[in-house]
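J.: Go by the hints and put chain B with the ligands onto chain A.
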Amino acid sequence: MSQQYFSWGRYPNVKQTKSVVVDRYTDMPTCEDSVLPYGNGRSYGDSCLNEGGVLVGTEYLNHFIAFDVETGILRCESGVLLSDILALIVPQGWFLPVTPGTKFVSVGGAIANDVHGKNHHCAGTFGCHVRCFELLRSDGQRLLCSPEENVEYFKATIAGLGLTGMITWAELQMRRVPNAAVNVENIKYGNISEFFQLSADSDKDYEYTVAWVDCLATGRNLGRGHFMRGNHAPSQAGCPSHSERKFNVFLDPPISLINKTSLRAFNTVYYHRQLVRSKHSIAHHDSFFYPLDSIHNWNRIYGPKGFLQYQCVIPLNASPDAIAEMLRSIARMGTGSFLLVLKVFGDVESPGYLSFPRSGATLALDFPYQGELTRRLFSQLDDIVDQANGAIYPAKDAHMSAVGFKQYYPNWTKLAELKDPNVSSSFWRRVTGEQ
Amino acid sequence: MKRVLIIGATSAIAEAVAQRYAKKGEKLFLVGRNQQKLDTMVDDLKVRGAHLVDSSAVDLTDCGAHEAVIEEAKRALGEIDIVLIAHGTLGDQKQCELSYQDTLKEFQTNALSVISLLTLLANDMEQRRSGVLAVISSVAGDRGRQSNYIYGATKATVSVFLQGLRNRLSPSNVQVLTIKPGFVDTPMTADIPNKGALWATPGDIADGIIQSIDKKRNVVYLPWFWWGIMTIIKLVPEAIFKRLKL
Ligand SMILES: Cc1cc2nc3c(=O)[nH]c(=O)nc-3n(C[C@H](O)[C@H](O)[C@H](O)COP(=O)(O)OP(=O)(O)OC[C@H]3O[C@@H](n4cnc5c(N)ncnc54)[C@H](O)[C@@H]3O)c2cc1C
Ligand SMILES: NC(=O)c1ccc[n+]([C@@H]2O[C@H](COP(=O)([O-])OP(=O)(O)OC[C@H]3O[C@@H](n4cnc5c(N)ncnc54)[C@H](OP(=O)(O)O)[C@@H]3O)[C@@H](O)[C@H]2O)c1
Numbered sequence: 001m002s003q004q005y006f007s008w009g010r011y012p013n014v015k016q017t018k019s020v021v022v023d024r025y026t027d028m029p030t031c032e033d034s035v036l037p038y039g040n041g042r043s044y045g046d047s048c049l050n051e052g053g054v055l056v057g058t059e060y061l062n063h064f065i066a067f068d069v070e071t072g073i074l075r076c077e078s079g080v081l082l083s084d085i086l087a088l089i090v091p092q093g094w095f096l097p098v099t100p101g102t103k104f105v106s107v108g109g110a111i112a113n114d115v116h117g118k119n120h121h122c123a124g125t126f127g128c129h130v131r132c133f134e135l136l137r138s139d140g141q142r143l144l145c146s147p148e149e150n151v152e153y154f155k156a157t158i159a160g161l162g163l164t165g166m167i168t169w170a171e172l173q174m175r176r177v178p179n180a181a182v183n184v185e186n187i188k189y190g191n192i193s194e195f196f197q198l199s200a201d202s203d204k205d206y207e208y209t210v211a212w213v214d215c216l217a218t219g220r221n222l223g224r225g226h227f228m229r230g231n232h233a234p235s236q237a238g239c240p241s242h243s244e245r246k247f248n249v250f251l252d253p254p255i256s257l258i259n260k261t262s263l264r265a266f267n268t269v270y271y272h273r274q275l276v277r278s279k280h281s282i283a284h285h286d287s288f289f290y291p292l293d294s295i296h297n298w299n300r301i302y303g304p305k306g307f308l309q310y311q312c313v314i315p316l317n318a319s320p321d322a323i324a325e326m327l328r329s330i331a332r333m334g335t336g337s338f339l340l341v342l343k344v345f346g347d348v349e350s351p352g353y354l355s356f357p358r359s360g361a362t363l364a365l366d367f368p369y370q371g372e373l374t375r376r377l378f379s380q381l382d383d384i385v386d387q388a389n390g391a392i393y394p395a396k397d398a399h400m401s402a403v404g405f406k407q408y409y410p411n412w413t414k415l416a417e418l419k420d421p422n423v424s425s426s427f428w429r430r431v432t433g434e435q
Numbered sequence: 436m437k438r439v440l441i442i443g444a445t446s447a448i449a450e451a452v453a454q455r456y457a458k459k460g461e462k463l464f465l466v467g468r469n470q471q472k473l474d475t476m477v478d479d480l481k482v483r484g485a486h487l488v489d490s491s492a493v494d495l496t497d498c499g500a501h502e503a504v505i506e507e508a509k510r511a512l513g514e515i516d517i518v519l520i521a522h523g524t525l526g527d528q529k530q531c532e533l534s535y536q537d538t539l540k541e542f543q544t545n546a547l548s549v550i551s552l553l554t555l556l557a558n559d560m561e562q563r564r565s566g567v568l569a570v571i572s573s574v575a576g577d578r579g580r581q582s583n584y585i586y587g588a589t590k591a592t593v594s595v596f597l598q599g600l601r602n603r604l605s606p607s608n609v610q611v612l613t614i615k616p617g618f619v620d621t622p623m624t625a626d627i628p629n630k631g632a633l634w635a636t637p638g639d640i641a642d643g644i645i646q647s648i649d650k651k652r653n654v655v656y657l658p659w660f661w662w663g664i665m666t667i668i669k670l671v672p673e674a675i676f677k678r679l680k681l
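Protein chains in written order, with the working numbering: chain A, 1 to 435; chain B, 436 to 681.
Watch out, some of these pointers could steer you wrong.
[To be verified] Dumping the calculated DSS-like pairs for lysine-lysine here, alpha-carbon to alpha-carbon at most 30 angstroms:
| # | chain 1 | residue 1 | chain 2 | residue 2 |
| --- | --- | --- | --- | --- |
| 1 | A | K188 | A | K279 |
| 2 | A | K15 | B | K630 |
| 3 | B | K630 | A | K18 |
| 4 | B | K481 | B | K458 |
| 5 | B | K651 | B | K615 |
| 6 | A | K18 | B | K680 |
| 7 | A | K18 | B | K669 |
| 8 | A | K103 | B | K481 |
| 9 | A | K305 | A | K260 |
| 10 | B | K630 | B | K677 |
| 11 | B | K458 | A | K103 |
| 12 | A | K103 | B | K630 |
| 13 | A | K204 | A | K188 |
FYI, nobody ran anything at the bench for these hints, they're computed from the structure.
Just chain A, with the same shape it has in the complex (with noise of 0.2 angstroms):
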C-alpha cells in the first residue's frame, strides 16, 4: 500500500510504503527494501519513518493476551495502545507505571522508544517495567527476551528505535493506585531559579512533577510558569467527571495558525490564568496525564510545512545556566511553543542501551518549521546541550547530527551490533550514515 505516512509533526514529508502483520504468528513481510515496524506514528521526527523502504504496521496486533488482576501483570500484543490498557485496568484499580503526555501510543512504541513520564524521578522509564517481550527478527527468529534470557537483546530493544526486529507481544507490570485521579498543587511561579527549587522541594513527596513555562519571557521572568505537582488521590475522594467528547482539527489549514501573535497571546494569558500562586484540584487522569489528547489532529494546526520538537537532558548542575541561555535563544526567535515543557528526571536507571532519560533536567518544545531560522536556533541549542554534557531525544528528532547522536550514546555500537540487517530507518542512516 503506498499512501503517506507522517510521524506526529508531519515533518519530514517522505516516500515509504506500508504493509501489516495480520497476527502475531505471521513473519514480518520479505521484501528487498529495508522494513521498520511502525506503531501508532507519535514520534516527532523520522525514528518511525523509513524513506525508499517500507513501514510495517502494528495495528492489528492489538489484541490481550492475560490480565492477572491480583499482581497486575499484564502480556499484550505490541500494537495495543496505552489507551486501551488503561480502560482495561483503571475500573480494576491499576494504572500504567510510566505514561508519555499521549496515550495514543502502543506498547511497541513505547517501549522502541523506552518513554518516560511525569514521575520519571520515581518510576524510571518504561523500559523499567517490561518484565519479558517476544522479538521477531526479519529472518523469522524469535527470541524471547527478559533479563535472564537473550539479555543484550533485551538491553538493544528497550529504546532500540525498532531497529532490532518487531516485538510482537510484551509483558507490563502494571502499578496499584487508590485512585486513578490525581490531587494536584498548581504553583504559578516567576523565573527559573524558583523552578529548580521547586523541584527540589517536590521530588520526594510528589510522584508527578512537571512545570509549563513561558517562552517568551525575558529578564527576570525568564523561565516563569506554572509547575505541576501531584498524587494520586485516595480512594475515598472519588473521581472528578471527564467528558470524552473530542474537538477534531480535520481540516489542513494553508498557513500554521501558530505565529508570533498567537503565541504571545496565549503564553500571556496562560501564565496569569491563574490570580492565587498556588491552587489545588482533583484532576480525571486524562485532563492530568493527556490535556492534548481531547484534540484530535492537533497537529494539523503547524500547517502544511509540519512542526519540530526539540527535547533535550542537561545534566542538574550545568542545568540552570544551560536552561537558561536555551530559554533566551527561543525568546530571542519569537515562534517558540504553546507547550514548552520543563522536569527534572531522577537516577533510576534503565536497562536501554539507548534510552534517553538521565539525571538532569529535559526541556521539549514545538517549533513551526521554518527552514533556515529553525535549522540555525537548532543548531545554537545544540551547541548549548552540547557544551554540557547533554543528550537530544532520537522520539522527537529530525535535525541531530551524526556526531551529535555519537556523543549522547555511546551504546549505539551495541545496538549496531544487534541491529536487524533488513531494518533500517530515515533516522538511523541520518545518524550513522549507513545505507
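T.: What follows is chain B with the ligands alone, placed relative to chain A:
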C-alpha cells in the same frame, strides 16, 4: 446477559463488535477458519471481560459443517440471542471475469454459505419466536459496477435474501438486520492506496452495528452518509450509468 454467536469472527469488523460485547460481559461463541487467530481472540475477549468465550474453526464454504457448528455454539451458549455473520472475501474481479469457477467460489463464500447458515438459524429462531440475525452485506450490492460486480452480485444476493427473510420472520418477532458498510479500513482493503475521508474504522462500524441491533433496525448504511451516496447512485438512469467508469 446476551448470548452472541459471531460467524466470520476473525474479520476486523466482527472482532471490533466482539470486543464491545466482551466489555459488556456477554457470552460469546466465535466461528472462523483459523484456529490460531480464534485462540488469540478468545484470550483477548476473556481479558476484556466476556462472561464466556468459546470458538470453533471451520471453513465456512463447507456448508455440510454448518449444522454441527451451530449445535456446538448452542451447547456452549445455552441458547443464541444474537448472530452476526461477517465472513467474506473481496475477490479478484478481473480473475472472476475470466473464470466461472472463480466466480462460483466468490458466491460460495459470500452468498451461498450465508444462505445455508441463515436457513438453519432462521428456522430455529422462528420456532423460538425470538432472536437477532445481523448480517454484513455491502453498499456494493446496491448497484452493479464494472469494477466489482461479482462481489456486488454476491452481496446483492444476500441483501435480497435478507429482505425476504425479514418479511417472513416479522410476525415471529425475529429481527433481521442488513448491514451495508461503505469503505472500511481492514485487512480486506489493505491494498487499496490513498484512503480518503470516506473511509471508516472497524470500530466505527462496530458501534453502528451494536446500536442498530439495540434499536431493532432493519437496514443500515454505515457510516450513515452512505445512505445518501447510494440513494444518488441508484437514481442515475441506466442509460447514463452504463457509460460511467465506475
Ligand atoms: C502529544 C505527545 C506527547 C508525548 N509525550 C511524551 C512524553 O511525555 N514522554 C516520552 O517519552 N515521549 C512522549 N511522546 C513521544 C511518544 O511517546 C513516543 O514517540 C512513542 O514511542 C510513540 O509510540 P508509537 O506507538 O506512536 O510509535 P511510532 O512513533 O510509530 O514508532 C516509534 C518507534 O517505535 C518503533 N516501534 C513501534 N512498534 C514497534 C514494535 N512492535 N516493535 C519494535 N519497534 C517498534 C518504531 O520503529 C519507531 O522507532 C509524546 C508524543 C506526543 C504526540
Ligand atoms: N472492508 C470493507 O471496506 C467492507 C465494505 C463493505 C462490506 N464489507 C464486508 O464486511 C465483512 C467483514 O470484512 P472485513 O472488512 O472485516 O475484512 P476481513 O478482516 O478481511 O474479514 C474477512 C473475514 O472473512 C473470513 N473468511 C473468508 N473466507 C472464509 C471462509 N471460507 N471460511 C471462514 N472464514 C472466511 C476471513 O478469515 P481469515 O481471517 O481466516 O482470513 C476474515 O476473517 C465482509 O463480509 C465484507 O464483505 C467490508
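J.: Compare the structure with each hint and give your call.
T.: Status of each hint after checking the structure:
1. A threshold of 30 angstroms between alpha carbons decides the hint, and for K188/A with K279/A the separation of about 9 angstroms falls inside it, so the pair holds.
2. In summary, the hint linking K15/A to K630/B is supported, as the alpha carbons are separated by about 16 angstroms, within the 30 angstroms threshold.
3. As the CA atoms of K630/B and K18/A are separated by approximately 13 angstroms, the hinted pair is consistent with the 30 angstroms bound.
4. The straight-line distance between the Cα atoms of K481/B and K458/B is roughly 9 angstroms, inside the 30 angstroms bound, and the hint therefore holds.
5. Distance restraint check for K651/B and K615/B: the Cα-Cα separation of roughly 15 angstroms lies within the 30 angstroms cut-off, and the hinted pair is therefore satisfied.
6. Between K18/A and K680/B the alpha-carbon distance is near 28 angstroms, which keeps this suggested pair within the 30 angstroms criterion.
7. For a cut-off of 30 angstroms, the pair hint linking K18/A to K669/B is broken: about 35 angstroms separates their Cα positions.
8. Distance restraint check for K103/A and K481/B: the Cα-Cα separation of roughly 23 angstroms lies within the 30 angstroms cut-off, and the hinted pair is therefore satisfied.
9. Among the hinted pairs, K305/A with K260/A is consistent with the structure: their alpha-carbon atoms are about 17 angstroms apart, no more than 30 angstroms.
10. Between K630/B and K677/B the alpha-carbon distance is near 26 angstroms, which keeps this suggested pair within the 30 angstroms criterion.
11. For the hint linking K458/B to K103/A, the alpha-carbon distance of about 20 angstroms falls within 30 angstroms, and the restraint holds.
12. This hinted pair checks out: K103/A and K630/B have alpha carbons roughly 24 angstroms apart, not beyond 30 angstroms.
13. This hinted pair checks out: K204/A and K188/A have alpha carbons roughly 20 angstroms apart, not beyond 30 angstroms.
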